[in-house]
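One letter stands for each residue in the lines below.
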Amino acid sequence: MPVKSTGQAVAEALALAMEMDEDIFLAGEGIGTSIHVNPHLPTFGLLERFGPRRVRDTPVSEAAIVGLAVGASCMGLKPVVEVMFFPFITLAADMLVNHAAKLRYLSGGLSSFPLTVRVKSGVFSAGCQHSHSLEAWLAHAPGLKIAYPSNPADAKGLLLSAIFDPDPVVVVEEMPLYWTIHGEVPEGDYRVPLGQARIARQGGDATLATYGGAVHVALQAAEALQAEGISLEVIDLRSLVPLDTASVIASVRKTGRFLTLHDATRFCGYGAELAATVAETCFDELKAPVRRIAAPDIPVPFSPPQEAFYKPSADQVTQVVRGMMHAG
Amino acid sequence: MQRDPLDRDQRIGLHADMLLIRAFEDRITQMAHEQGRLPGMQITCHGQEAVAAGVVRALTPRDVIVTNHRSHGHLLARGVDPGALLAEIMGRQGGLNHGKSGTLHLADPGRNVLMTSTVVGAGPLLAMGAAFAQHYRQEQGVTCVFFGDGAAAEGSVHEAMNLAAVWKLPVLFVCESNCWAGAQAHKEHCPIGEIAARAASYNMPGEMTDGNDVEGVHETARGFLEHCRSGKGPALMECRTYRMHGHGEHDQQQYVDKDELASWAGRDPIVRHAEVLRRDGLGEFMAGMLERADQAVDRAVAFADASPFPPPEEALDHLYVNPILREG
Numbered sequence: 001m002p003v004k005s006t007g008q009a010v011a012e013a014l015a016l017a018m019e020m021d022e023d024i025f026l027a028g029e030g031i032g033t034s035i036h037v038n039p040h041l042p043t044f045g046l047l048e049r050f051g052p053r054r055v056r057d058t059p060v061s062e063a064a065i066v067g068l069a070v071g072a073s074c075m076g077l078k079p080v081v082e083v084m085f086f087p088f089i090t091l092a093a094d095m096l097v098n099h100a101a102k103l104r105y106l107s108g109g110l111s112s113f114p115l116t117v118r119v120k121s122g123v124f125s126a127g128c129q130h131s132h133s134l135e136a137w138l139a140h141a142p143g144l145k146i147a148y149p150s151n152p153a154d155a156k157g158l159l160l161s162a163i164f165d166p167d168p169v170v171v172v173e174e175m176p177l178y179w180t181i182h183g184e185v186p187e188g189d190y191r192v193p194l195g196q197a198r199i200a201r202q203g204g205d206a207t208l209a210t211y212g213g214a215v216h217v218a219l220q221a222a223e224a225l226q227a228e229g230i231s232l233e234v235i236d237l238r239s240l241v242p243l244d245t246a247s248v249i250a251s252v253r254k255t256g257r258f259l260t261l262h263d264a265t266r267f268c269g270y271g272a273e274l275a276a277t278v279a280e281t282c283f284d285e286l287k288a289p290v291r292r293i294a295a296p297d298i299p300v301p302f303s304p305p306q307e308a309f310y311k312p313s314a315d316q317v318t319q320v321v322r323g324m325m326h327a328g
Numbered sequence: 001m002q003r004d005p006l007d008r009d010q011r012i013g014l015h016a017d018m019l020l021i022r023a024f025e026d027r028i029t030q031m032a033h034e035q036g037r038l039p040g041m042q043i044t045c046h047g048q049e050a051v052a053a054g055v056v057r058a059l060t061p062r063d064v065i066v067t068n069h070r071s072h073g074h075l076l077a078r079g080v081d082p083g084a085l086l087a088e089i090m091g092r093q094g095g096l097n098h099g100k101s102g103t104l105h106l107a108d109p110g111r112n113v114l115m116t117s118t119v120v121g122a123g124p125l126l127a128m129g130a131a132f133a134q135h136y137r138q139e140q141g142v143t144c145v146f147f148g149d150g151a152a153a154e155g156s157v158h159e160a161m162n163l164a165a166v167w168k169l170p171v172l173f174v175c176e177s178n179c180w181a182g183a184q185a186h187k188e189h190c191p192i193g194e195i196a197a198r199a200a201s202y203n204m205p206g207e208m209t210d211g212n213d214v215e216g217v218h219e220t221a222r223g224f225l226e227h228c229r230s231g232k233g234p235a236l237m238e239c240r241t242y243r244m245h246g247h248g249e250h251d252q253q254q255y256v257d258k259d260e261l262a263s264w265a266g267r268d269p270i271v272r273h274a275e276v277l278r279r280d281g282l283g284e285f286m287a288g289m290l291e292r293a294d295q296a297v298d299r300a301v302a303f304a305d306a307s308p309f310p311p312p313e314e315a316l317d318h319l320y321v322n323p324i325l326r327e328g
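If you read the sequences in order, they're chains A and B.
Residues in the first sequence are numbered from 1 upward in steps of one, following our numbering.
Residues in the second sequence are numbered from 1 upward in steps of one, following our numbering.
Please note: incorrect hints may appear among the correct ones.
[Stated by the list, open to error] Selected chain B positions facing chain A (in silico; Cβ < 7 Å):
| hint | residue |
| --- | --- |
| 1 | Leu6 |
| 2 | Gln10 |
| 3 | Ile12 |
| 4 | Gly79 |
| 5 | Asn97 |
| 6 | His98 |
| 7 | Ser101 |
| 8 | Leu125 |
| 9 | Gly129 |
| 10 | Phe132 |
| 11 | Ala315 |
| 12 | Leu316 |
| 13 | His318 |
| 14 | Ile324 |
[To be verified] Partner residues aside, some chain A positions facing chain B, computed with beta carbon under 8 Å:
| hint | residue |
| --- | --- |
| 15 | Ala64 |
| 16 | Gly67 |
| 17 | Cys74 |
Worth flagging that the hints you see were computed from the coordinates, not collected in a lab.
Each residue gets a CB set at the ideal place from its N, CA and C atoms; glycine is no exception.
All chains, full assembly: derive it from the sequences and hints.
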């Protein structure tokens, strides 16, 4: 299998989908002609390849970008639109939360909205109005689905599933992964079903559930813990909605310990939902209290040492897991 | 542009539509005052029937309608079954949307009343997206969106008009200027008298029309629809009319000047059109029309009353095309 960057894997999914289905078009800010010329950006070169009818640069107009997707998808097209950075999703929140998520329900099942919103996330020295992990907000809106890949193969497979899914899906793409994470990518129409987690590393002493770039932090921690004789199982959730509850619970039943990890802030974060689900389902089988590792409840800071302080580290994970081992 | 004058059947049809809308909503008003008869609030278009009939009758079946909370007139003029409409307003199983919508979000995609949003100002964005699909597929359809002068204060309306104009999408923006936005008079929320004047800033045609003159509305709509259909982009048609009832039937209109209300009652679109028809020697064709409208409403009430409420657990249906199964 060819090795690709995460960005190239996303590009491959976009191009393949466009070739497969004429109903698919792309729209967003700077997706055709961009101020950034970077071959690892997923939309690089697509305008030249597919032309301006299907690759549409929009005005700086996030509500219109997602409104375009909602309206066009109700007519049967399969829009794939991009919101440049996660905090800007607030500008399109009405279209996502009140419309993409609710209009099918309000219609009594008569309409459907097969749209995909790609949103770039991650912490990348731009400060808190460009970096803000809002996935828990979206997960709290019934009607949306949320995919969150950590590696090139999943980035391709989840995106293709999202594009051809009949419901609205938000795919969160951590921008730094575009060029930092490379891996083998299956060729052709490769799909990763929404709602199917992946065991990123097998272990027997504790279960850590995470997603996106944090998966790599967790794997680093698992390697360090292995040297101490502690075996950490790492679950890459891959999609937050639907959540693969069964895989998480099966792992926790095996290890008896559970912790969560994400770059989003802690209070009411996605980890809280995971912790509650585990506590409700298999409390009696837990050997230690459930733990959450997350960013502190502050906006993403700019200054490099403070930005590093914000992001949960492998050291934090190893410390927490060691503590859980002592607890029981 | 020269258009064929309206023939007799078209003129009579416009009148019949207005009578049906009035009869239907008079019954809603009556039922709204019967304790426990209608759940939630009721929003009628009393006084604005000429806009609904005049514009909707100018559309072709493939044209798409996007409407708002004050939608009964648009739906009835489109030929939506009054029984299914009333059953939906009553939250019944036999309603258009199986009780998921109520009066606020009524949609009949089968008749291309494609989407309805009660988030004020959202409709134009949805319409822009639907029109994009028509444009993308090179269909001859136009998307017609109804919104109020109050909605024109929303930023979403600007984003929709801007993108529709930049991309020359076939959207007919129909602003029903009914003099009230909630309890605010036009001058309290809008610095210019005419919303239509804003069309110039999007380089699209815009015109204020007498919204209580059904044949004038119809003629203006036909002209603008030809413009949209010919690939010249969107247009903005503003209809000056009056919201004769409160925002909802609960609203006693204590903030409305009685003389102003009486003056607009003197310009009632149905009375005016009846006089025009009689003047033109068409009085005989109105014979029995009122009775037929009342009978249609009687049948609608009987249908809706006989329709059961949906089972509570069906509240779980219709969210996703591919349902998400949750444990617990």
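(Q) Checking each numbered hint in turn, tell me which of them this model violates, lowest number first. (A) Structure breaks hints 1, 2, 3, 4, 11, 12.
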